[in-house]
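K.L.:
Spelled out, the chains give:
Protein chains: 2
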Amino acid sequence: MPLLPEPLQRLTQAFERLPGIGPKTASRLAFYILKAPDPVSTELAEALKGLRASIGTCPVCFNITLADQSQCDICGDAHRDGSIVCVVEDPMDVLAIERAGAFQGKYHVLQGAISPIEGIGPDDLRIRELEERVKAGGIQEIIIATNPSMEGDATALYIKKQLALYPVHITRLARGLPVGGDLEYTDQTTILRALAGRQDM
Amino acid sequence: MPLLPEPLQRLTQAFERLPGIGPKTASRLAFYILKAPDPVSTELAEALKGLRASIGTCPVCFNITLADQSQCDICGDAHRDGSIVCVVEDPMDVLAIERAGAFQGKYHVLQGAISPIEGIGPDDLRIRELEERVKAGGIQEIIIATNPSMEGDATALYIKKQLALYPVHITRLARGLPVGGDLEYTDQTTILRALAGRQDM
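Those protein sequence lines, which keep their order, are chains E and P.
Under our numbering, the first residue of the first sequence is numbered 1, with each subsequent residue one higher.
Under our numbering, the first residue of the second sequence is numbered 1, with each subsequent residue one higher.
These aren't lab readings, by the way, just hints derived from the structure by calculation.
Bear in mind the structure is a predicted one, so any value in this text is a computation, not a measurement.
By construction, the Cβ of each residue, glycine as well, lies at the ideal position given by its N, Cα and C atoms.
Some hints could be false.
[Stated by the list, open to error] Selected chain E positions facing chain P (Cβ under 10 Å, derived; list incomplete): (1) Leu4; (2) Leu11; (3) Thr25; (4) Ser41; (5) Gly56; (6) Gln69.
[Claimed, not checked] Calculated pairs, BS3-like style, for lysine-lysine (alpha carbon to alpha carbon, straight line, at most 30 Å): (7) P:Lys35 x E:Lys160; (8) E:Lys49 x P:Lys24; (9) P:Lys135 x P:Lys160; (10) E:Lys24 x P:Lys24; (11) E:Lys35 x P:Lys49; (12) P:Lys35 x P:Lys49; (13) P:Lys35 x E:Lys24; (14) P:Lys49 x E:Lys24; (15) E:Lys35 x P:Lys160; (16) E:Lys49 x P:Lys49; (17) P:Lys24 x P:Lys35; (18) E:Lys49 x P:Lys35; (19) P:Lys24 x P:Lys49; (20) P:Lys24 x E:Lys35; (21) E:Lys160 x E:Lys135.
I would like the entire structure built from these sequences, with the hints used as guidance.
P.N.:
In structure tokens form, the structure reads like this:
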């Protein structure tokens, strides 16, 4: 006999599959939804429905965007400085930097970092596409904002080597970032400091 | 301009409305669902759909149950000892005790605790229904397992007074529970100890 009525058990298990949500949090969320006003549940269900079909990848910077857009809002924003490009691992890193609110350039999302252990090499990332953007001209500075981890550092060094022949200034976010940490968890003040103190590499 | 594409923003906001989930966790969950295999998202959406309509309240013990059941699985289980009834505040407390796996009696869910601050009095709880169950006979022991908080203690004392005239043994979970804490967060070992060391009141 299950401990919970089947529909509640099912919702609990669906929550448990999400990262960072254990059995107790999952059942707490399920019970909350059971008692909460109706919009809490229906809005979550509606938002889940068709999420993936509606989200695509920007062909310029490889950040996420609406599936029917030819490029993302940031790439299409004429007010942003296209001569300075911030290179990050994931779309969540773009979000973290945008939240800090101090960067007015554009982005390039690598979609990961070089990791021999996980079998991810340079060709699995959007590094070639970054090189194409640099080759096309108009970019004066590349800020490498990969995570301050072994993989992020390796990726940064690889990119620096790949772009060595181009007349572009390459910087890396200052080591205000906690080493071994994750960019997306960094608080806004630290991100602001790291942007301001970025150094030549 | 929103920081995220609208469908992702919407999902993030839906997650943010859940208890204990802040903006960063919410966006992390939304990004996870975007990248996760399809069942993670569809199963969550399906489980949310019609949850409330499918869940009802057991008319005997007031625990949650399937809407079309005349009583819950525990009340209907002939193998469980109906002469011993454990009184808890919420359905999640039943789950916590069932997970400990040491209790073979039945339950009574008060659906809250007496709290003058929140304006919850004895009549807002299922105390009268508990008295009716005791009056009907067959119950030898009432284990009061309300939270070890001011409200839980007040509720326990009130119930003890209400049942004073009936020939029923009233016990309270042992003070192995951390005072001021919440029953549903208690680890299983502590619950087992509290059950074993329950005391007369």
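K.L.:
Please go over all the hints and tell whether each is borne out by the structure.
P.N.:
Structure-based check of all given hints:
1. Leu4: holds (7 Å)
2. Leu11: holds (4 Å)
3. Thr25: Check passed: Cβ of Thr25 of chain E comes within 7 Å of chain P, closer than 10 Å.
4. Ser41: holds (5 Å)
5. Gly56: Gly56 of chain E check passes; min Cβ-Cβ to chain P is 9 Å, inside 10 Å.
6. Gln69: Cβ of Gln69 of chain E sits 8 Å from chain P, so the hint holds.
7. P:Lys35 x E:Lys160: holds (29 Å)
8. E:Lys49 x P:Lys24: Measuring from Cα to Cα gives roughly 21 Å; hence the hint holds.
9. P:Lys135 x P:Lys160: holds (14 Å)
10. E:Lys24 x P:Lys24: Measuring from Cα to Cα gives roughly 20 Å; hence the hint holds.
11. E:Lys35 x P:Lys49: holds (14 Å)
12. P:Lys35 x P:Lys49: Roughly 22 Å between the alpha carbons, so the hint for Lys35 of chain P and Lys49 of chain P holds.
13. P:Lys35 x E:Lys24: holds (24 Å)
14. P:Lys49 x E:Lys24: Judged against 30 Å, a Cα distance of about 21 Å means the pair holds.
15. E:Lys35 x P:Lys160: Measuring from Cα to Cα gives roughly 29 Å; hence the hint holds.
16. E:Lys49 x P:Lys49: It holds: about 11 Å lies between the C-alpha atoms, which stays within 30 Å.
17. P:Lys24 x P:Lys35: holds (17 Å)
18. E:Lys49 x P:Lys35: holds (14 Å)
19. P:Lys24 x P:Lys49: This hinted pair holds, its Cα atoms lying about 26 Å apart.
20. P:Lys24 x E:Lys35: It holds: about 24 Å lies between the C-alpha atoms, which stays within 30 Å.
21. E:Lys160 x E:Lys135: At roughly 14 Å apart (the allowed maximum being 30 Å), Lys135 of chain E and Lys160 of chain E satisfy the hint.
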